[in-house]
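First to last, the sequence lines map onto chains D and L. Read the first sequence against the working numbering and you will find it ends at 270, with the numbers running on by one and no gaps. Read the second sequence against the working numbering and you will find it ends at 649, with the numbers running on by one and no gaps.
Hints are not guaranteed to be accurate.
[As the list claims (entries may be wrong)] The calculated lysine to aspartate or glutamate pairs, modelled on EDC-like cross-linking and capped at a C-alpha distance of 20 Å, are: (1) D/Lys154 to L/Glu238; (2) L/Lys44 to D/Glu192; (3) L/Lys157 to D/Glu141; (4) L/Lys171 to D/Asp153; (5) L/Lys55 to L/Asp241; (6) L/Lys171 to D/Glu207; (7) D/Lys136 to L/Glu45; (8) D/Lys154 to L/Asp241; (9) L/Lys171 to L/Glu59; (10) D/Lys136 to L/Glu43; (11) D/Lys154 to L/Asp470; (12) L/Lys44 to D/Glu31; (13) D/Lys154 to L/Glu59; (14) D/Lys114 to D/Asp144; (15) L/Lys306 to D/Asp153; (16) L/Lys33 to L/Glu238; (17) D/Lys154 to L/Glu283; (18) L/Lys437 to L/Asp470; (19) L/Lys157 to D/Glu192; (20) D/Lys136 to L/Glu238; (21) L/Lys44 to D/Glu207; (22) L/Lys157 to D/Glu63; (23) L/Lys44 to D/Glu206; (24) L/Lys157 to D/Glu147; (25) L/Lys157 to D/Asp6; (26) D/Lys34 to D/Glu208; (27) L/Lys157 to D/Asp153; (28) L/Lys584 to D/Glu192; (29) L/Lys157 to D/Asp144.
[What the hints assert, rightly or not] Computed from the model, here is a short list of chain D residues facing chain L with C-beta under 10 Å: (30) Lys34; (31) His80; (32) Glu139; (33) Glu149; (34) Leu202.
Bear in mind the hints are in silico, worked out from the structure with no lab data behind them. Even glycine gets a Cβ: it sits at the ideal position worked out from N, Cα and C.
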Amino acid sequence: MAPVDEAQLKVSHLSMAFGGVQALWEVSFEVKKGEIFSIIGPNGAGKTVLLNCINGLYRPQEGEIYLEGREITKLRAYHRARLGISRTFQKIELFKGATVLDNIRLGRHIHLKTGLISGSIYLGKTAREEIEHRKFIEREIIDFLEIEHIRDKIVGMLPYGLQKRVELARALALNPKILLLDEPLAGLNLEEVEDMARFILDINEEERWQTTCVLVEHDMGVVMDISHRVIALNFGEKIAEGTPPEVRNDPHVIQAYLGDEEDLYATRR
Amino acid sequence: MPRAGRWNDMEITKDLTVPKLFLQAAKKYGDKKVAMREKEFGLWIPITWKQYYENVKRIALGMVSLGLERGDKVAMIGDNRPEALWAEMAAMCVGGVGVWLFQDSLIDEVQHIIDHSDSKLMVGEGQEEVDKCLMIKGRCPKLRRMIWDDPKGMRAYDDPFLISLKEVMRLGEELEKKEPGLFEDTIQRGTGEEVCLLFYTSGTTSVPKGVLLTHNNMLTMGLNLMRVDPYSETDDFVSYLPFAWIGEQMMSISCGIQAGFTLNFPEEPETAQTDTREIGPHMMFAPPRVYEQMVRNVQVKYLDASWSKRKAYELAMKIGYHVAELKFSKKAIPWHWKILQTAASAGVHRKLKDHLGLSRIRYTYTGGAAMGPDHFRFFHAIGVNLKQIYGQTEIAGISVLHRDGDIKFDTVGKPIPETEVGITAEGEIISKSPSVFQGYYKMPEETEKTLRDGWLHSGDTGFIDSEGHLVVFDRTKDVMTLSDGTRFAPQYLETRLKFSPYIKDVWAIGDKRPYVTGVVCIDYGVVGKWADDRNIAYTSYQELSQVPEVCELVRKEIVKMNRDLPSVARIRKFMNLYKEFDADDDELTRTRKLRRAFVEERYRDIVSGLYSNADRIQMDTNITYEDGRVARIKADLRVMQVSE
């Protein structure tokens with residue numbers, strides 16, 4: 002989808018410290034609707050902290066976050082999820098003892114209107130609602146992500162690459178406006194990387210989804226290929242922002258990744 | 006008189022075509038009967054004969070609008086799904102000729118077949134097939150349009166060469182409005198002597214050859230098969246093996262259209278086994294590898310089961326094997342064995358069959374390659390009526406088959422009605438029937454070699470035994486001469502060894518050599534788990550295959566097999582290959598038959614290593630991935646000795 006010139010997510014002067022470690026410092030950026038927006042940076046640059054701030058796992062000490070013009074800085078994570086922010090995790094955070102289908106259903110839970118009592122009786126409206134959600138999961142998620150063959154398998158028994166896909170499935174089940182992806186390609190083999198990159202593009206471009214994606218990723222080849230815009234962080238600070246070629250050629254980015262001669266010399270000693 | 010679904014009083018006249026039968030069946034069953042089911046979004050979606058008819062009509066007329074004329078070829082590629090069969094039927098209805106490609110064909114194969122067959126239209130499933138087509142269309146000047154049906158990932162494709170199946174159906178509807186009745190008229194114009202399918206045989210040695218088959222060829226083969234094993238319109242069949250394989254066409258088209266049974270299409274190729282279990286088909290035809298995999302699944306589960314379950318299985322199998330043995334030797338089964346068998350069946354066999362998707366099975370066939378006697382015994386022990394089938398694409402599928410109650414696992418049975426089978430002076434199997442093909446497309450020399458005086462020369466060696474059963478030895482060129490001059494089929498060794506759950510593939514070498522050796526491909530899943538259980542570390546197939554404990558494991562399996570063999574035929578040395586044999590590397594045909602001449606050439610270092618005193622072989626070679634990427638592999642392989 003071609004990005005619209007309208008900030009869907011706005012992060013303004015965000016700062017966060019853990020004790021003496023300044024994890025984020027005055028980070029500001031805007032994500033446009035329909036964009037694939039990537040955050041890159043060396044290990045420990047603060048990328049995951051940033052995602053955690055956006056979806057509400059962390060509360061930043063300073064700065065604000067806006068979703069479609071509404072400030073969400075003080076909202077709790079589940080509240081933000083209800084507003085349409087969904088995410089995957091760097092280390093898989095699935096319920097390993099449950100089936101793939103049940104994990105995906107959990108991602109859909111937020112949209113269930115059934116209460117405890119009507120849910121226990123399970124008649125009429127409740128049953129219909131459940132069938133509707135199951136239809137959604139089958140048509141829009143399982144078919145889309147090509148996981149028909151594992152829908153009834155226990156997640157913990159699956160290979161890593163498929164677990165990553167199930168995580169994406171659960172995040173999508175929320176039907177999000179913005180999808181935060183924390184290193185979706187880490188630990189995948191070449192074929193799985195290609196599949197995952199294709200899924201991210203589909204989520205962004207297919208008419209059905211057209212979802213804004215915020216991607217934290219180390220695989221520079223894929224990041225530069227699929228992103229509309231990229232920012233680079235280093236030691237919690239934003240050091241570059243722009244289109245992939247701009248960021249790739251930015252001297253600060255090159256320095257952050259490769260270090261300068263003096264640093265190299267220093268580490269060798 | 007409508008003849009569809011009443012094959013037992015069917016007569017195959019010169020006029021009769023597959024589409025004519027299709028028309029009759031559609032009129033007879035209409036909305037009242039399910040023609041096919043597809044599992045989609047987790048549910049089995051039924052498609053009635055009326056819907057089947059309507060869809061085929063639209064596609065057929067759409068193809069006419071795109072310029073398809075009588076005798077034009079339509080190439081098809083993709084997984085088994087209703088749309089695939091509709092397209093094939095549609096092409097036949099308007100007098101076109103279907104050309105099927107294996108869905109995993111590499112780009113060069115696709116190009117060769119499309120170009121050689123002069124295909125005018127190509128029908129593919131989705132993005133992957135479209136990409137293949139766009140890459141080759143410049144080199145296939147006769148190809149006019151490509152039709153696709155799965156919209157996933159297709160949003161950015163705007164090449165006017167491409168057209169969606171929906172759009173084709175819309176064109177068909179327009180034509181139908183303009184010229185009502187055109188569809189049925191076109192069907193009625195067809196005759197049984199017209200070619201309806203062009204099959205490219207995989208060929209273990211040479212470039213693929215295009216086999217021309219007529220409606221009569223297909224229909225007589227199906228009818229004669231059903232004269233031996235009757236199918237009924239209430240039966241279910243699961244279609245999941247490639248349509249480019251004659252066996253699948255024989256069930257889905259030749260028999261399906263005459264018997265009127267229901268075809269079931271699994272959700273994805275990966276879900277075929279669970280989907281088959283949900284359907285519980287009444288008949289099944291598959292190459293040995295499918296059955297080998299079933300046996301392996303059972304053996305692996307057995308290794309994992311608790312002590313009591315293992316004991317119950319062992320006992321039930323002992324009973325099963327004994328009873329099967331009595332049946333094979335056509336002896337009466339004593340009453341006490343009958344009781345034991347009933348108990349074993351209720352306790353174990355029935356459950357096993359259910360898990361394998363065979364709970365309702367009536368006829369199970371294997372063909373296309375040799376199957377080991379151990380696998381054969383296994384299925385009969387659990388009460389599955391597994392039979393050998395023998396035939397070629399050139400005879401529209403099959404010509405020889407086991408009869409119920411007359412099964413010998415070293416034979417392939419007796420010819421089906423209207424079929425004569427003979428042996429030439431050189432020992433070659435030849436056959437004659439109304440199903441024998443019309444010749445190879447644009448290869449008159451090859452045709453002359455294969456088709457002489459109406460006899461189809463198979464290139465297989467065999468003989469007919471005292472009970473009239475055909476015994477197929479092997480491909481003539483593959484039979485090896487051992488050190489003492491005896492002739493021996495390497496397939497025998499290979500199929501025997503494949504009964505071990507740890508061994509996926511074997512290549513036995515020994516033609517005009519001092520002793521027999523083997524190259525083994527371990528089963529990654531099973532051996533991997535075996536290694537995990539013993540805390541043996543490995544990171545890849547290549548590494549696992551060379552672990553000393555794994556080599557030892559394979560050696561024990563070979564020693565076990567060697568015991569039953571004459572001394573000269575025993576495997577004396579072997580090595581584990583660092584990869585599995587793969588059709589993408591040209592080592593196997595698309596139907597997974599070993600291409601011996603090719604592997605002999607490719608692995609000549611290994612062969613010479615096995616016949617030297619070396620205890621290690623250095624390998625340096627390339628492997629090809631499905632998308633055409635090539636990777637270099639360096640490996641250090643162990644040569645293992647098997648003592649007497």
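Evaluated hints:
1. D/Lys154 to L/Glu238: violated (35 Å)
2. L/Lys44 to D/Glu192: violated (26 Å)
3. L/Lys157 to D/Glu141: holds (12 Å)
4. L/Lys171 to D/Asp153: Distance ~33 Å between L/Lys171 and D/Asp153 Cα, so the pair is violated.
5. L/Lys55 to L/Asp241: Holds, because 18 Å separates the two Cα atoms, which is no more than 20 Å.
6. L/Lys171 to D/Glu207: Between L/Lys171 and D/Glu207 the Cα gap is close to 19 Å, so the pair holds against 20 Å.
7. D/Lys136 to L/Glu45: Roughly 11 Å between the alpha carbons, so the hint for D/Lys136 and L/Glu45 holds.
8. D/Lys154 to L/Asp241: At roughly 27 Å apart (the allowed maximum being 20 Å), L/Asp241 and D/Lys154 break the hint.
9. L/Lys171 to L/Glu59: holds (13 Å)
10. D/Lys136 to L/Glu43: holds (16 Å)
11. D/Lys154 to L/Asp470: violated (50 Å)
12. L/Lys44 to D/Glu31: violated (44 Å)
13. D/Lys154 to L/Glu59: Violated, because 38 Å separates the two Cα atoms, which is more than 20 Å.
14. D/Lys114 to D/Asp144: Given that 20 Å is the threshold and the Cα spacing comes to 25 Å, the pair is violated.
15. L/Lys306 to D/Asp153: holds (19 Å)
16. L/Lys33 to L/Glu238: holds (12 Å)
17. D/Lys154 to L/Glu283: This hinted pair holds, its Cα atoms lying about 16 Å apart.
18. L/Lys437 to L/Asp470: holds (19 Å)
19. L/Lys157 to D/Glu192: Answer holds: L/Lys157 to D/Glu192 is near 18 Å, not above 20 Å.
20. D/Lys136 to L/Glu238: violated (32 Å)
21. L/Lys44 to D/Glu207: Judged against 20 Å, a Cα distance of about 24 Å means the pair is violated.
22. L/Lys157 to D/Glu63: violated (44 Å)
23. L/Lys44 to D/Glu206: Distance of about 27 Å is beyond 20 Å: violated.
24. L/Lys157 to D/Glu147: Within the cut-off at roughly 11 Å; holds.
25. L/Lys157 to D/Asp6: Between L/Lys157 and D/Asp6 the Cα gap is close to 27 Å, so the pair fails against 20 Å, i.e. violated.
26. D/Lys34 to D/Glu208: holds (14 Å)
27. L/Lys157 to D/Asp153: violated (24 Å)
28. L/Lys584 to D/Glu192: Holds, because 18 Å separates the two Cα atoms, which is no more than 20 Å.
29. L/Lys157 to D/Asp144: OK: L/Lys157 and D/Asp144 at ~10 Å, within 20 Å.
30. Lys34: Violated, because the Cβ-Cβ distance from D/Lys34 to chain L comes to roughly 18 Å (cut-off 10 Å).
31. His80: At about 32 Å, which exceeds the 10 Å cut-off, the nearest Cβ of chain L leaves the hint on D/His80 violated.
32. Glu139: holds (4 Å)
33. Glu149: With a minimum Cβ separation of about 5 Å from chain L (threshold 10 Å), the hint on D/Glu149 holds.
34. Leu202: At about 9 Å, which falls below the 10 Å cut-off, the nearest Cβ of chain L leaves the hint on D/Leu202 intact, so it holds.
Of the numbered hints stated above, those contradicted by the structure are hints 1, 2, 4, 8, 11, 12, 13, 14, 20, 21, 22, 23, 25, 27, 30, 31, listed in ascending order.
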